[in-house]
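Protein chains in written order, with our numbering: chain A, 1 to 398; chain B, 399 to 496; chain C, 497 to 797.
These aren't lab readings, by the way, just hints derived from the structure by calculation.
Check each hint, because a few of them may be wrong.
No more than 16 Å apart at the CA atoms, straight line, and that leaves these computed lysine to aspartate or glutamate pairs for EDC-like [said to hold, decoys possible]: (1) C:K582 to A:D196; (2) C:K582 to C:E694; (3) A:K367 to A:E247; (4) C:K587 to A:D287; (5) B:K460 to C:E508; (6) C:K718 to B:E479; (7) B:K460 to C:E506.
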Amino acid sequence: MHILDGNQAAAIAAKMSRVQVVAAYPITPQTPLTEQLSQYVEEGQLKAEYVAVESEHSAMAVCTSASTVGARTFTATSSHGLAYMHEMLHWAAGARLPIVMACVNRAIGAPWNVLNDQQDSISQRDTGWIQIYCRNNQDILDTVIQAYRIAESVYVPVMVCYDGYILSHTEMPVDIPEQVDVDRYLPPYKPHTTLDPANPKNYNLVTLANPRVGVDGKLCHGYMELRYLLQEALQNSRETILQAGKEFNDIFGRDYSCMFWEERNEDAEITIVAMGSLASEAIVAADMLREEGIKVGVLGLRVFRPFPKQDVVQALRKSRLIVVFDKNISYGSEGATCSEIKSALYGTYINAAIRNFIVGLGGRDVKARELAEATKKAISSLKETVINQDYPEWICHI
Amino acid sequence: MGTRDCNHICDESSPGIGEAGRTGEWRTHLPVIDDKRCTASKLNKPTCFLCWLYCPEAVVTKSIPPTIDLEYCKGCGICAEVCPVQAITMIPEEKNLG
Amino acid sequence: MKANAVNLIEKEWILPGNRTCPGCALSLAYRHTLKALEGQCIVTVPASCATVLHGMYPITAVNVPCVNTPFASTGASATGLVAGLKALGRKGITVLAFAGDGGTHDIGIQSLSGAAERQYDFMYICYDNEGYMNTGNQRSGSTPLGAVSGTTPVLGKQQYQKDMTAIMEAHGLPYVATCSASYPLDLYEKVKKAKTIEGTRFIHIHTPCPPGWLFPFSDTIKFGEMAVETGLVVLYEIEDGIFRITSASESLARKGGNLQPVREYFKSQGRFKTITEEQIDELQQWVNARWKQCLNRATNL
Chain A
1 MHILDGNQAA AIAAKMSRVQ VVAAYPITPQ TPLTEQLSQY VEEGQLKAEY VAVESEHSAM
61 AVCTSASTVG ARTFTATSSH GLAYMHEMLH WAAGARLPIV MACVNRAIGA PWNVLNDQQD
121 SISQRDTGWI QIYCRNNQDI LDTVIQAYRI AESVYVPVMV CYDGYILSHT EMPVDIPEQV
181 DVDRYLPPYK PHTTLDPANP KNYNLVTLAN PRVGVDGKLC HGYMELRYLL QEALQNSRET
241 ILQAGKEFND IFGRDYSCMF WEERNEDAEI TIVAMGSLAS EAIVAADMLR EEGIKVGVLG
301 LRVFRPFPKQ DVVQALRKSR LIVVFDKNIS YGSEGATCSE IKSALYGTYI NAAIRNFIVG
361 LGGRDVKARE LAEATKKAIS SLKETVINQD YPEWICHI
Chain B
399 MGTRDCNHIC DESSPGIGEA GRTGEWRTHL PVIDDKRCTA SKLNKPTCFL CWLYCPEAVV
459 TKSIPPTIDL EYCKGCGICA EVCPVQAITM IPEEKNLG
Chain C
497 MKANAVNLIE KEWILPGNRT CPGCALSLAY RHTLKALEGQ CIVTVPASCA TVLHGMYPIT
557 AVNVPCVNTP FASTGASATG LVAGLKALGR KGITVLAFAG DGGTHDIGIQ SLSGAAERQY
617 DFMYICYDNE GYMNTGNQRS GSTPLGAVSG TTPVLGKQQY QKDMTAIMEA HGLPYVATCS
677 ASYPLDLYEK VKKAKTIEGT RFIHIHTPCP PGWLFPFSDT IKFGEMAVET GLVVLYEIED
737 GIFRITSASE SLARKGGNLQ PVREYFKSQG RFKTITEEQI DELQQWVNAR WKQCLNRATN
797 L
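Next up, chain A with everything else stripped away, as it sits in the complex (with noise of 0.2 Å):
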């Protein structure tokens, strides 16, 4: 067991999966993990070609490329380096590249601010990656290996998420793993590209509107079979990312074949739902109020894309009341998670109130108490209307 904060952790993992490319710019809170990925490589201890790149946008325009050559590459952003490569994300799932990236959640400005919250990666739920959300630093490590098991065979990129300064400068105990085992979860990267003089292929070029023939005769894809395509990808990715959560359980002895984590759910009339660490922190809120008597439960997310619609449907059933906390907001509606909880729900036989917070937006601290009261307030709010809020409240001082 060694004492690791979230930074550590994911450098740990990026170095014992054996990425080939990494390229990565500086960014607070991610900084120390760009700064242990070189270490590792000038010290020999990662063989990889590590790329001192001069924004966000060249970090993933480098990955692109060099994982289009076939290498396994690795990349990590916060917040506006996030927003730097919005183009590039498009791009590399658009291009069905394996790309691992980390994501050291971060607040954007304007104004300032270098604390937590989600709205970084919230904002590119779009672009085509598949999310995953880390409650620990145990999580971080585990979930960057898992990462390319399931980037790998989906042929869709990666971005693990995790809190910043509340999970990447915080120490914890972590396990690592021993190489050998790493290398026997993890099979080298066969990529679907080729780029050989001998064979020349072109990627990416201008794809029309409507299928085309090809040189062989056959007809190929438009534009808009080949987008099917990466969403099929992505919803097919669900098995994916269990069967590989369920491998890791029989090698390494931590199970990850879920799409979120469930606690003290069993018999709960009222759920929360919260993302990341803040998961964490919702298990101590519905302890609290299970000490009075309201049984509470507790929904973790874990997978955000592809949103766990079925899973999540058959984990609320029993729910009367949804507390959603929300560590983003998608400005002019409300936070992302409740909208995609609402989506999930609407048309199934689930008729439960759900009711969204927006917590800890730009590291305003949250804690398991106001988790807890916000819970009771919506509870009681039930009294006057089952009907679902037009907008989320907040946990701040308007």
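Got chain A sorted already, so can you dock chains B and C onto it with the hints?
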């Protein structure tokens, strides 16, 4: 239609002639080489070949005399301009005009 | 033996029937670039005319492996190819970045500068048609003073061209050169030389554009030659800091160094329809001064 196999989950394109179709149909004028003026023809040896060198489309062959692939020649007229002995004339392409 | 039209390799890597305009200088330049590399390359191309030349899925008009990349990222994409090849132990392939002036001088300058500063081992070729021609001619940092474009439609560009080659020279690269599509043999020799040099190599190719510059497409070569004869374009190479003037610019220098006046060049292209007499005079003085500078720098005269 289409395929779900690995080669076409993203757009992987293979080399092929005529990607833009029969670009010869773009022409309003087509190049005609006069063998009697062409230096390579007259001397019957590999020489000059400036038409081949300067053709942007790679539709001129390095033969004696050079030939032009009219299926794909876009009729730009550069070959006629660069020929040092004016052996190439651009004549109106009746079927592509009007 | 120096290359000429007779001994130059006959094999083509550009396939006929592609989407370039008739008389496209980029196509000519690319054709000879690939001959110099004998197709032993992996190319990365940003949004540009070259993208269109490469074709549309599922057919490409170019017989080399290529990765298209977004507009701002060419330098980074080339870096990624080099890093990936190195990580996989694959040798003997030139990584070629082939970008227009937009993707080099403007939106792509950051990633190019970053890649050059890191001295990654690739060849960067900028084909310069002096505008965002793929999208119908909007002004770029390389559009000359006085040129009309979609975004300088009435007054013409009010700023001088950005000297990208000088910017790249300032990165301390082992090889930097200027070429013209109108002098394909000079281009061929320079690419062939650059191929043997390790590190980031930058080659700038002047590529006249008939629909963008508004001249008949049979005159592409003529305008490229005129640009060199007037001194607007000087053909040179800087290898390890040693400046050599080459090809037609060298011949011009050796024959007395008298440049053709720039007026004819401007007056015969439609894009300069609003250029003023003052601007022409200014440009003539600028050309004269720059020519003198080049003659002074040349170590081979």
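Are the Cα positions of K582 of chain C and E694 of chain C separated by 16 Å at most?
holds (14 Å)
With the threshold set at 16 Å, check whether the alpha-carbon distance from K460 of chain B to E506 of chain C stays at or below it.
Roughly 7 Å between the alpha carbons, so the hint for K460 of chain B and E506 of chain C holds.
Does E508 of chain C lie within 16 Å of K460 of chain B when you go C-alpha to C-alpha?
holds (11 Å)
Need the status of pair K367 of chain A, E247 of chain A: alpha-carbon distance at most 16 Å?
violated (35 Å)
Pair hint K718 of chain C and E479 of chain B, alpha-carbon separation not exceeding 16 Å
With Cα atoms ~8 Å apart, K718 of chain C and E479 of chain B stay inside 16 Å; holds.
Between the alpha carbons of K582 of chain C and D196 of chain A, is the straight-line distance 16 Å or under?
Answer holds: K582 of chain C to D196 of chain A is near 14 Å, not above 16 Å.
Hinted pair K587 of chain C and D287 of chain A, Cα distance within 16 Å
violated (60 Å)
When the structure is compared with the earlier hints, violations turn up for hints 3 and 4 and for no others.
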